[in-house]
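Chemist: Listed below are the residues making up each chain.
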Amino acid sequence: MNAPGITLPVPLLQVRRPQSIHFSIYALLFAEVISYFQNRVRSITELEERLLDLGQEIGRRVLELVWLREKFSRREIELLGALRFTTTSVWRFLFGKVADSLERVKDKENEYIIVENSPLFTRYISVPLDLADLNCNAIVGGIIREVLCASGFPCHVDAHNAPHDDETEYPPRTLFSIRFLPESNHNL
Amino acid sequence: MSEAPRERLQASQTERNSSEKVPRPVATSAGAAANAAALSKIGEQAFQRGELVNSELAALTYGALVRQLVLDYAHPQQVNEQLDRIGYNIGLRLVDDFLARSAAPPCRSFAASAEIIARVAFRMYLGVNAKVAHIASDGSEYSILFDSNPLAEFAELPEPMKGSLWYSNVICGVIRGALEMVQYSVQARFERDILRGDDCNEIRVSLVRELEERVPTDNEI
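These protein sequence lines are chains X and Z, in that order. Numbering-wise (this note's numbering), the first sequence opens with residue 1 and increments by one. Numbering-wise (this note's numbering), the second sequence opens with residue 1 and increments by one.
Source of the hints: derived by calculation from the structure; they are not laboratory data. Bear in mind that the values here come from a model prediction, so they are computed numbers and not experimental data. Yeah, the Cβ is synthetic: ideal placement off N, Cα and C, and Gly gets one too. Relax, there's no trap hidden among the hints.
Which bits of chain Z does chain X cover? Going by a derived footprint, with three or more residues having C-beta under 8 Å, they are: (1) 43–54; (2) 85–92.
If you want the ones that stay clear, here's a sample from chain Z, every Cβ over 12 Å from chain X, calculated: (3) PRO105; (4) SER164; (5) VAL182.
Make the full structure from the sequences, and use the hints.
Modeler: This is the structure we're talking about:
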C-alpha cells in the first residue's frame, strides 16, 4: 500500500469536506500546551516567546495550506494585500470568521494593528493575577508573524490585552500590533 | 465568568429534552447492533450540537506540540510518556464535559464503557467513527479501532521513529484520565497506527482495577 517516499492519503486540494473537531478538546489541548511550557520557563516573557515560536511553526503550515486552497494562482506582493489576506483568509481558516478590524497606527509608516474582539484560543484560559501581563494569544501572534514573514514581509508581532468597555466581559479583546521591518517595504 | 454555570445548566436541560427523542439503547446482547447504532446517533447529535473548530488547525497545533516534545526529549519513548501525561490531564477534565454534554446513557460495567467511548466520545470530540473489537472473554480488555485520525492529518513519521514513536499517544492518555475519573483505573496503549504503515489505528484498553469511591478526608467537616 505504501510506496516509498511521500504518500499523502488524500490529495490536499481535494479535501473540501468540512472537517471539524469539538471545541472542548481543542481548548483543553491548548491549555495543556501552555502548562507544558509554563513548567519549563522562568518568566512570562520567556513563556510568551515559547508560545510565539510554537505559533510560527503552525503559521508556516497554515500559510501553505490556505494559499494552496484559496489563492492558488496568485501571490500577495503588496504589504496591504498580505495584511488583508491575513485578516480574512487566514483568520477564516483559524477561527471561522474575519478579524474585527485592521488599523494603521497613526503617524507610523510601518505599524498596523489587528483587533480581535473574542479571541477563540483564550476563551477558557484564566490567567492568575500574578501573571496578569501574560497573553496566551502570543501563539496567534506567532501564526500572524510567520504568515507575513513567509510571504516576504518580515515583521514583529506582539499580542496585548485590551479590555472591553464593559470590563467584566471575558475574554478581553486582543490587539496584535505588527511592526514591519524596513526591508518589507518593497514598493517604496 | 459567572455566566458559565448557568449556561451549562441550561445546556444540560436542553440536552435532557433532546435526548428523550433518541431511541434508548437496548441493554440486552441481542440488541447489540441496535445499541451501537443508537449510541452512534447520540454521538453524532452531540457532535452537531457542540461548538466546532477546524480540525486542520487542531492537527497543526498538535503537530507543533509533538515536534516540540521531540526536540525537548532525547528518546521517542519519553515523548510517548509525555504525550500520555498530557492526554491524562486532558482526560481528567474532559470527562466532566462529556458527562454534561453528551447525553450518553450511563455505563454500568467496564465492558459497557467500550461502546460509549468508541461510538459517542470519538464521534463527539474528534468527529470520527470508531468501533470496538477484540473484547476479552472476561470483559476486562477491549480494543478501539478507527480509520481516520484528525490529529495525524498531515503527519508523517521519519524513518528512525517509525518503530518507537506513537504519534497520537495523547488519545491513550485521554482515555486513561477520563476512565479514572469514573472509577476505572486502566492502561491504554496503541497497538497499531496508520502512520506506521498499519491498516488501521488500534488502541488497547485494559482494566487494572476498579477504584473505590472514598470520602475525601477534609478537615473542615
